[in-house]
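A.B. asks: As a plain string of letters, each chain reads:
2 protein chains.
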Amino acid sequence: MELFRIEKTCPDTGARAGLLTTPHGSISTPVFMPLATQGSVKALAPDDLSAIRARILLGNTYHLYLRPGIEVIKRLGGLHRFMAWEGPLLTDSGGFQVFSLGPLRRVNDEGVLFRSHIDGSEHFLTPELAIEIQEGLGADIIMVLDECPPYSENARLISEAMHRTHVWAERCLGRHHRRDQALFGIVQGGTSIPLRKESAEYLVSLDFPGYAIGGLSVGEPKDLMYLVARETAGLLPLDKPRYLMGVASPEDLVECISCGMDMFDCALPTRIARNGALFTRHGRANIHNSRFKTQDRSVDPDCDCYTCRTFSAAYLHHLFKCEELLAYRLATIHNLTFILRLMEEMRRAIIEGSFLKFKESFLANYKPAASHHFTVLSPSAKL
Amino acid sequence: MELFRIEKTCPDTGARAGLLTTPHGSISTPVFMPLATQGSVKALAPDDLSAIRARILLGNTYHLYLRPGIEVIKRLGGLHRFMAWEGPLLTDSGGFQVFSLGPLRRVNDEGVLFRSHIDGSEHFLTPELAIEIQEGLGADIIMVLDECPPYSENARLISEAMHRTHVWAERCLGRHHRRDQALFGIVQGGTSIPLRKESAEYLVSLDFPGYAIGGLSVGEPKDLMYLVARETAGLLPLDKPRYLMGVASPEDLVECISCGMDMFDCALPTRIARNGALFTRHGRANIHNSRFKTQDRSVDPDCDCYTCRTFSAAYLHHLFKCEELLAYRLATIHNLTFILRLMEEMRRAIIEGSFLKFKESFLANYKPAASHHFTVLSPSAKL
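Chains as they are written, first to last, in numbering that gives the first Met the number 0: chain A, 0 to 382; chain B, 0 to 382.
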């Protein structure tokens with residue numbers, strides 16, 4: 000089974016349309032992966048996710064390891080069956096969350112000692128354990144344990160984390176046995192192009208079936224992020240999928256697909272939905288705003304999601320004001336639909352040869368959230 | 000259009016199967032009406048309610064009057080359109096909630112002065128205003144403003160509330176103009192059979208199209224509630240629908256249908272669902288219980304709802320432990336399905352002539368919740 004196939008590349012940018020094939024089905028790329036952190040995309044059920052055409056979900060190893068525990072999920076037939084999701088799944092290694100614990104964790108070359116944020120219990124996560132856990136969960140795509148430092152211009156710190164990531168990548172490869180899972184390597188190196196080059200070359204020499212780009216969207220300026228994404232994409236094999244971790248604002252998706260990235264995940268669309276921030280083609284709308292109090296039109300008349308097809312902005316405004324549980328589901332359905340449709344449109348544009356035009360037109364209309372709303376999610380907020 | 004038609008009566012009990020016809024569709028009775036207090040059945044969307052075969056919903060005038068306000072709902076085309084529910088709706092008068100406000104309200108013969116629980120603003124609810132608001136909301140069935148005192152053996156207090164209810168009923172009738180709405184009277188009189196008789200006779204003389212029984216399930220012993228329900232049913236016209244307000248535990252539904260009641264509403268099934276108490280044919284199951292941690296079967300293997308068809312008890316247990324929003328939707332779907340299926344089964348049994356047998360068999364298997372869990376909801380908890 001061939002994991003990845005490029006179908007079309009954009010002549011004007013680095014963008015590509017591809018097909019990722021897993022034991023649980025095929026996924027057209029570029030693709031956005033909603034977060035099912037604790038085995039549930041917050042506020043949605045699997046039938047909601049099918050209805051909005053989500054194709055692959057991401058489970059967080061850190062959370063699932065602590066609760067309900069890997070033995071429980073194994074006993075219940077693995078993560079797919081546990082959460083009743085029949086499509087493809089990706090799990091991360093748990094590293095990102097553990098490194099976000101700050102004073103609750105200590106790292107050495109062997110692994111990371113951390114305390115659970117739930118009950119304070121002590122755990123030691125090694126590359127081998129990260130793979131063992133992910134084999135137990137049974138996702139289609141799994142990740143090596145890496146060290147993801149926050150944005151820093153301290154080259155020594157970034158370099159140390161990168162070298163540790165390399166050693167751990169090799170140990171993960173050595174421990175991984177399940178043939179029905181693709182194990183991705185993770186390129187680190189911060190915003191240093193020489194370090195990114197060293198990291199990419201080393202990981203490519205280990206011949207992973209796919210590569211993630213870690214350590215971006217961790218506090219660096221946006222233009223720098225786009226630059227590093229573009230340069231790093233150029234260092235990776237053409238025929239392997241590229242997964243840019245933790246990125247999902249509409250403008251970043253457009254820019255980073257343009258850089259040659261294929262896969263994305265981020266808590267942003269679902270988290271801001273629960274705060275009442277809804278995507279439109281012109282930017283985010285704050286549903287709490289009193290201008291929606293009597294608006295009979297939906298929040299985004301261009302959208303075909305259940306929320307926009309069925310309810311006025313006034314009703315959604317009312318639900319948020321009353322803190323009705325339905326508000327969070329409806330807003331989440333809308334924001335994920337917005338992102339998934341945007342990905343579908345970009346894929347279509349790549350295939351039709353009009354991606355550059357789409358990109359320019361989208362970015363000309365879309366007003367990104369003000370930077371203070373747009374602060375890159377701090378790692379610990381991911382918990 | 001004939002509002003109500005009896006299809007079959009039970010020869011052994013007072014139970015009846017009927018058909019209630021409204022401008023938004025017909026409803027087979029006995030029927031349970033889920034609460035859409037603020038224009039949303041908590042945690043569910045209209046498509047969920049159609050899927051579980053809910054036929055009529057109940058909106059709370061008190062809440063909708065305060066938020067978003069009647070002018071907003073009128074401007075958006077009425078309550079059906081506002082909440083995107085195409086089926087029948089019933090609204091209460093707001094009286095029950097207002098009388099539950101305790102120190103926040105003062106009553107005289109003219110009406111009730113109360114302060115909003117949201118912003119402390121002062122409002123004066125009269126029988127005329129209760130009708131005006133309900134005409135604005137546009138439900139298919141609306142209710143007179145009544146005074147519903149808590150359980151008391153103080154006959155003077157109960158009698159005063161009853162007489163005020165009678166005067167107000169007449170004022171409501173005088174103010175009601177919409178021909179597409181059925182206005183129901185409400186029988187009061189506490190647990191006094193003579194007062195219930197006086198109230199029923201008076202209201203029947205006003206010739207309402209349907210009658211509610213208020214002032215039960217407000218703290219009185221269960222056997223007394225059943226006795227009063229049975230006696231009161233016997234005082235009402237055979238050919239008019241009878242709505243027992245605020246009752247919905249499975250054993251109470253069975254008993255009160257047996258007494259001759261046709262319509263029911265209560266926050267209980269949805270509220271306890273959000274606390275993790277799930278109905279089964281043997282009683283309530285507490286999903287937090289550790290015995291569910293690894294249970295691969297659904298909570299209620301006899302149930303065909305989305306929740307039970309799709310997820311293990313272990314997954315539901317996990318969602319509740321993690322306080323995932325999906326937990327509340329799945330549990331609500333299950334509890335409402337349980338109640339709605341129970342109603343359908345009783346209707347079928349009445350039609351097939353086997354209701355008494357069904358009742359005996361159900362009650363022999365079903366263990367009601369311990370009384371400290373089962374405390375009748377205090378009126379103020381309804382807010």
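No lab work stands behind these hints: they were computed from the structure.
Keep in mind that a hint or two might mislead.
Note that identical chains are pooled: a pair holds if it fits in a single copy or bridges any two copies.
Stated by the list, open to error - Simulated crosslink set (DSSO-like; lysine-lysine; CA at most 27 Å straight-line):
hint	residue 1	residue 2
1	LYS239	LYS73
2	LYS320	LYS73
3	LYS292	LYS73
4	LYS7	LYS292
5	LYS221	LYS320
A.B. asks: Next, verify each hint and record whether it holds.
C.D. replies: For each hint, the structure was consulted:
1. LYS239 <-> LYS73: neither (30 Å within a copy, 57 Å between copies)
2. LYS320 <-> LYS73: between (41 Å within a copy, 18 Å between copies)
3. LYS292 <-> LYS73: between (48 Å within a copy, 13 Å between copies)
4. LYS7 <-> LYS292: neither (45 Å within a copy, 47 Å between copies)
5. LYS221 <-> LYS320: neither (33 Å within a copy, 38 Å between copies)
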